[in-house]
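These protein sequences, in sequence, are chains H and Y.
Counting from 1, one number per residue, gives the positions in the first sequence under our numbering.
Counting from 1, one number per residue, gives the positions in the second sequence under our numbering.
One thing to keep in mind: the hints can contain errors.
[What the hints assert, rightly or not] Residues of chain Y clear of chain H, computed beta-carbon distances all greater than 12 Å: (1) ASP60; (2) SER64; (3) LYS99; (4) GLY106; (5) LYS134; (6) ALA198; (7) GLY199; (8) PHE222; (9) ASP229; (10) ASP239; (11) ASN254; (12) THR279; (13) SER351; (14) PRO352; (15) PHE358; (16) PHE368.
[As the list claims (entries may be wrong)] Covered stretches of chain Y (chain H as the covering partner; in silico rule of three or more C-beta atoms under 8 Å from a C-beta of chain H): (17) 76-83; (18) 111-117; (19) 173-185; (20) 318-331.
In short, the hints are calculated from the structure, not lab data.
From the three backbone atoms N, C-alpha and C, an ideal C-beta is built for every residue, glycine too.
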Amino acid sequence: MLIIVVLGLIIYFPGRKLARAHVNSKTGVEDHPLMCTSCHIPLSKNKLIVKLINSDYYSPFNLAVSKDGGRLYVVAQEGNALLVVDPENHKVLNKIKVGKYPYGVVLDEAGKIAYVSNQWSDDVSVIDLVTEKVSDTLKTGNGPAGLSLSADGKYLYVVNSFSSDISVIDLKNREEHKRFSAGNNPTGAELSPDGKTLYVTSRRALIAPYGDTLKSELTVVDESTERVIARRNIESAYLIENVAFTPTGDLAIMTMIRPKNLIPSIQVEQGWMMTYGITIIEQKEKGRVIQLLLDEPNAYYSDPYDIVITPDGKKAFISHSGVNCISVVDIDSVRTLLKESSPEILNKWSNNLGISSRYVIKRIPTGANPKGLALSPDGKLLYVAEQLEDRIAVINTVSLETINTISLGGPRRITVARQGRRLFNNSGHTFQNQFDCYTCHPDMHEDGLVYNMASKDMGRNLTNTQSLRDIRDTPPYKWNGKNQTVYKQDGIRFSTVLTRSEQFSYEDLDALTAYILTGIHYPPNLMYNPTGELTGSQLRGKEIFERTKDNSGNVIPENNRCITCHTPPYYTNLKLASVGTLAATDDSIKFDTPHLNNIFASPPYLHDGRAATLEEIWTIYGKEDKHGLANDMNKNQLNDLVEYLKSLRAPEYENIPSKIKHTSL
Amino acid sequence: MRNLIQKNYFRYLLSGVVLLCIFSMGFTPIEKSPAGLNSPKDDAKPMPVYGHWKNFTTKDGLPSDHAYCVRIDGNRVLVGTHDGLAVYENGKWTTYTTKDGLVHNGVVSIDVSELTGDVWIGTLGGLSRWSGGKFENFTQFNSGMPNDLVYCVICDGKDVWTATAGGAGQYDTYTKQWEIFTEKNAPMHEPWTYGVSAGDGKIYIAAWGGGIIEYTNKTKKFKDYTDPDGEMEIDLLPDDGPVHDITTATSWANGMLWVSTYFGLSSYDGTHWKGYFDTDSGLASNFINFVRAKGPVVFICSDKGLSSTDGKSWVTYKKNENNSDGMTIIKNFGRNDDSTVVHTTKEIPSSPAIAHNFIIGVDADKEFIWVATEKGVSRGELLK
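Required output: the full structure, derived from the provided sequences and hints.
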């Protein structure tokens, strides 16, 4: 017995010491609990463990209400289904399988057909609501999201969020009639009450040099001429997710974020990282574009997503995914404010945190991560898709109270990764709720913005936001590669530099890390590489990517070949490199070689976003041949190389068993 | 017999060359059609004649008198000038330049997508898409576009084609991919392309020194048409192919491809080529900058006026050298009973005439014709 105890002590103390050193090195702190299971179980790649520790949630995203109010049609984004819900009896009646990662739903005028956009399978499921079965599938552009039917019901407008265009589908012959280009990463679509114009909002700002005023496009399509009649710049705003018209059609109101990315990030405590609100467009000739905040002086209402307006035109409801609440806006008060304010005053209001008291009449708390909203036909009930709660909230629009919740029947337990996802989407850990991870990493990707991340010495380090998709096997993190782990990235340094609030508890940090490292995946690259079979151009580009000799037959130094630093499957060798793009205002650093999977979806490029397109990396910023030898190439060869780069996709689509994917967290 | 042929080889060859020269001098074989009687599909409509010219210059609001191209788009007219895009709408000119987002002020080609209504603008410094009042720019630096010198742009369904100094470019507006065609992957003489047009599921590229490159959308295959006489400036054997390899523009309509060169005009009905010269047709000049076919009529922009033909009649519009008046010259070709070719000529004075005889662009609709000239833009009304 004594021997066992002695042996145990001999193993325990050095073992503990080793474990402590291991945890310290991973977390960058010395007091993270020595609980092996807190990291190694959630991050396990063992299939059985993955299955045991995770659950398949529905994650309701958007919803529609039948004309008689008797049915809710709920898009279960991660259940890949449309759920038919009886709101009166709080029952899920049917689960109709649709395409991959459904996004939006719209019902036809007769209420007999539902159209569901499938963002990850580039199609729309046509559902017969009588038989509750998919009757047809319509091909769309890349990443179909928002939907709208034309006033006469002949056409279905599909907003393609990845290819940034609008498919007009002729519902008679079930084919794409035409396609309009749209803003950057469009999603929201709404037809004006008179049925004459379609508004399409876009989430990402148009690519522009750092320092220029941000502009996000509102695309206006005229139904009669079938043309885009206006592309309005919504200035200083992005992530314009959705738009709604007042029933009289005098105002169009859309949700938006006003980022302060041109101001050093240390200004968080002064309230200058993000502000949230609405953009209003007066629907008359020379109608003004007005921006009003929904925030308060010491409280921010992050990540506004959806907006609906009651049939009487009196109230607007706006879901705030980042702070789990609904803002109720009194529209008459907004009208009064607009009427009495000069353009100069209105311009001031767009940055005023106190003005919301004039028109926000209530904040209604919801479950985790409220997304899509829908009103009952009489406008008396508001339904809220609580994405990370797997349920629908029912709110009385007169009393402005939540009167019910409808469980969609998803798992009751909250897994570690699910908890991490909730944290990722919640601003509660940021000073005054200013932002959350999702704000700068929408869709767990990146927001296309370049931020002025001032360093401790107040140097100006322009930083192009990086995607968080499938980063588990691509450490270190940050452009300078300073963080070897996500624990370090999101630990105390994160709270000191960015959130300016208390750091995550270690339990929360473990959950957040588990989610980031196991729960965020690339969408399929259906635009440039849907089958894995490369085009002629892509194959030629692959040869250039992997070449060892230049066009003259000279051997290219190993460190100046694409393939050396960008090695598959993630197209990074995980090392630091200098590619001649360090700016005068940057700290003197080398850059962590970025991964290139789905790189087509991450403009702008380079660490400070100076390259608007992949071509510009070499045509403008690669003249010294420090970022790979490229200047011997002709234009055809450069095009081939770019086409190959655009074809790169996640390893899971290449059948490389790099990790185990769990579809829903 | 074999020996006889070998003995007389050079004699036969010489005879052949002499015969070719005779034919080229105008002794057209009886069975061949005269230049005025060509093979476009016969159309009963009379040849349109335009008049009541109204000329626009900088005094009227144009940004420059150097007008390069013109395109009618419904109720508005788009004109490319040396100093920007000019739009004529409701009786007023509005100019758009780089200050408004246009990629370059030298606008040399314009087309409007029938599908979307988007306006595609080829300039001396890139390509712009003008849609919903906003310009989106494509250059050789920020995209896969072959070259910034965009001489011609056309829309063909969802595709946009450009003829540039670095090859022809095909942009798929759905997949956002560019494909470049040069002498490296197409039967071109060199990458320099001047014009492009679409019709009947095919693309016709006017390749400098390379004749016409035909691209079939369905098969993605190329075929080239070159002058069998090579780069000779006379057409040795009439109607044996395009009149010259240095082509400036192509246009397709009504089953007929029209090709302009600096040495005459060609037409191709899918089987037969036919050449037209100022000596044997109503062409104002063999030096042709641009050609646009609209239904059965083709408009030909030359350095000595604007010509048009429907295959039977020729109408040419000219300006006098020393004043603003000019002439409309109508030539009708026919045959006598003995099959000899005859033509009648009618000259109608016009006051004013078109703005200038050096013409680079033209477009017409049911009522008006718009002409881009070296010294302003002209609008003519269809005479009833």
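Now for the hints, and whether the structure bears them out:
Residue-level check passed: ASP60 of chain Y sits 27 Å from the nearest beta carbon of chain H, beyond 12 Å. Remark: the non-interface label on SER64 of chain Y is consistent with the geometry, its nearest Cβ contact in chain H lying 27 Å away (cut-off 12 Å). A cut-off of 12 Å between C-beta atoms confirms that LYS99 of chain Y is not in contact with chain H; the least separation is 15 Å. Taking the minimum C-beta to C-beta distance to chain H, about 21 Å, the non-interface status of GLY106 of chain Y holds against the 12 Å cut.
The Cβ of LYS134 of chain Y sits about 4 Å from the closest Cβ of chain H, inside the 12 Å cut-off, so the non-interface label is violated. The beta carbon of ALA198 of chain Y is kept farther than 12 Å from every beta carbon of chain H, the shortest such distance being approximately 17 Å. Residue-level check passed: GLY199 of chain Y sits 20 Å from the nearest beta carbon of chain H, beyond 12 Å. A cut-off of 12 Å between C-beta atoms confirms that PHE222 of chain Y is not in contact with chain H; the least separation is 14 Å.
The claim that ASP229 of chain Y lies off the interface holds: its Cβ sits roughly 31 Å from the closest Cβ of chain H, which is beyond the 12 Å cut-off. Every C-beta of chain H lies more than 12 Å from that of ASP239 of chain Y, the closest at about 36 Å, which supports listing it as non-interface. For ASN254 of chain Y, the requirement that its beta carbon stay farther than 12 Å from each beta carbon of chain H is met, with the minimum near 25 Å. Listed as a non-interface residue, THR279 of chain Y keeps its Cβ farther than 12 Å from every Cβ of chain H; the least gap is roughly 42 Å.
The claim that SER351 of chain Y lies off the interface holds: its Cβ sits roughly 39 Å from the closest Cβ of chain H, which is beyond the 12 Å cut-off. Distance to chain H confirms PRO352 of chain Y as a non-interface residue, since its nearest Cβ pair spans about 35 Å, more than 12 Å. Every C-beta of chain H lies more than 12 Å from that of PHE358 of chain Y, the closest at about 33 Å, which supports listing it as non-interface. Consistency note on PHE368 of chain Y: stated as away from chain H, and its beta-carbon is indeed over 12 Å from all of that chain's, at 21 Å minimum.
With a threshold of 8 Å between beta carbons, the proposed coverage of the segment 76-83 of chain Y by chain H is violated, since 0 of its residues qualify and at least three are required. Figure legend: the segment 111-117 of chain Y, annotated as covered by chain H; annotation consistent (3 residues with Cβ-Cβ distances under 8 Å, at least 3 required). Judged by the Cβ-Cβ criterion of 8 Å, the segment 173-185 of chain Y is covered by chain H as claimed, because 11 of its residues qualify and three suffice. With 0 residues bearing a CB less than 8 Å from a CB of chain H, the segment 318-331 of chain Y misses the requirement of three and the coverage assertion fails.
When each numbered hint is compared with the structure, violations occur for hints 5, 17 and 20.
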